[in-house]
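Residue numbers (my numbering), protein chains in the order written: chain A, 2 to 112; chain B, 499 to 613.
Because the hints were derived from the structure by calculation, they are not lab data. Keep in mind the model is a prediction, meaning the values are calculated, not measured. Glycine is no exception: its CB is placed at the ideal position from the N, C-alpha and C atoms. You may find that some hints are simply not true.
[Unchecked claim] Chain A is faced by these chain B residues, among others (derived, beta-carbon under 10 Å): (1) GLY500; (2) PHE510; (3) GLU522; (4) ASN526; (5) ALA529; (6) LEU541; (7) GLN554; (8) PHE586; (9) ALA590; (10) THR592; (11) GLY607; (12) ARG609; (13) VAL613.
[Stated by the list, open to error] Residues on chain B that point at chain A, a partial pick, calculated with CB under 8 Å: (14) PRO537; (15) GLN539; (16) LEU543; (17) ASN551; (18) PHE553.
[Unchecked claim] Across the chosen pairs, the derived CB separations fall in these ranges: (19) A:LYS53 x B:SER565: 37 to 47 Å; (20) B:GLY538 x A:GLU15: 46 to 56 Å; (21) A:ASN31 x B:ASN582: 17 to 27 Å; (22) B:SER606 x A:ASN58: 39 to 49 Å.
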Amino acid sequence: LAKTTQPISMDSYEGQEVNITCSHNNIATNDYITWYQQFPSQGPRFIIQGYKTKVTNEVASLFIPADRKSSTLSLPRVSLSDTAVYYCLVGERSGNTPLVFGKGTRLSVIA
Amino acid sequence: DGGITQSPKYLFRKEGQNVTLSCEQNLNHDAMYWYRQDPGQGLRLIYYSQIVNDFQKGDIAEGYSVSREKKESFPLTVTSAQKNPTAFYLCASTPSGTGYNYGYTFGSGTRLTVV
């Protein structure tokens, strides 16, 4: 599985846009980029997945440059309830290896 | 509603005791997983199972055991051989295969404390 690197923590004020960048220099051709969100004392939940360019859903946007060696999760106008840990994962969409969760990025939203 | 149920939510264990954490899913998912999470850390894979009556060790299987007698159930036993069992334990499932990486559904976790 491709190794990912993301910031340990980030702080933001309410109402701001937050961008979390993930580096994955050795991403393979069949790999997808997936982001999960984990609130304290809960299991992670799927946020968004993409392969290239831009993907948007009701929660977030995912920007992937042409070389796919990095990706950026964008959260528009964050609120206190967006305080959580965000995990970037890279792997085949239907491979044979369980997901490997790193330490993720701990986002703290301040009033 | 379909989902994963983990019980109990909190569990206290005396040193030297075995304890079993329950995980039940009604999603008709084939694959199930157990992860361990320590404070400020990511999730580490303990065991996973792709089909009934079959399971594989993850990265930190020592001191743990599992069974998969039914598709919907994947209990985890923390044995006395696990030297530092205090942690947050998460169960997950996927529809099929282990790399279905946008289809992971997690339970709400069991927090185990050794007293």
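Now the hints, each set against the structure:
no.	hint	result
1	GLY500	violated (14 Å)
2	PHE510	violated (16 Å)
3	GLU522	violated (14 Å)
4	ASN526	violated (17 Å)
5	ALA529	holds (8 Å)
6	LEU541	holds (4 Å)
7	GLN554	holds (9 Å)
8	PHE586	holds (7 Å)
9	ALA590	holds (7 Å)
10	THR592	holds (9 Å)
11	GLY607	holds (6 Å)
12	ARG609	holds (7 Å)
13	VAL613	violated (19 Å)
14	PRO537	violated (10 Å)
15	GLN539	holds (6 Å)
16	LEU543	holds (6 Å)
17	ASN551	violated (18 Å)
18	PHE553	violated (12 Å)
19	A:LYS53 x B:SER565: 37 to 47 Å	holds (42 Å)
20	B:GLY538 x A:GLU15: 46 to 56 Å	violated (24 Å)
21	A:ASN31 x B:ASN582: 17 to 27 Å	violated (37 Å)
22	B:SER606 x A:ASN58: 39 to 49 Å	violated (23 Å)
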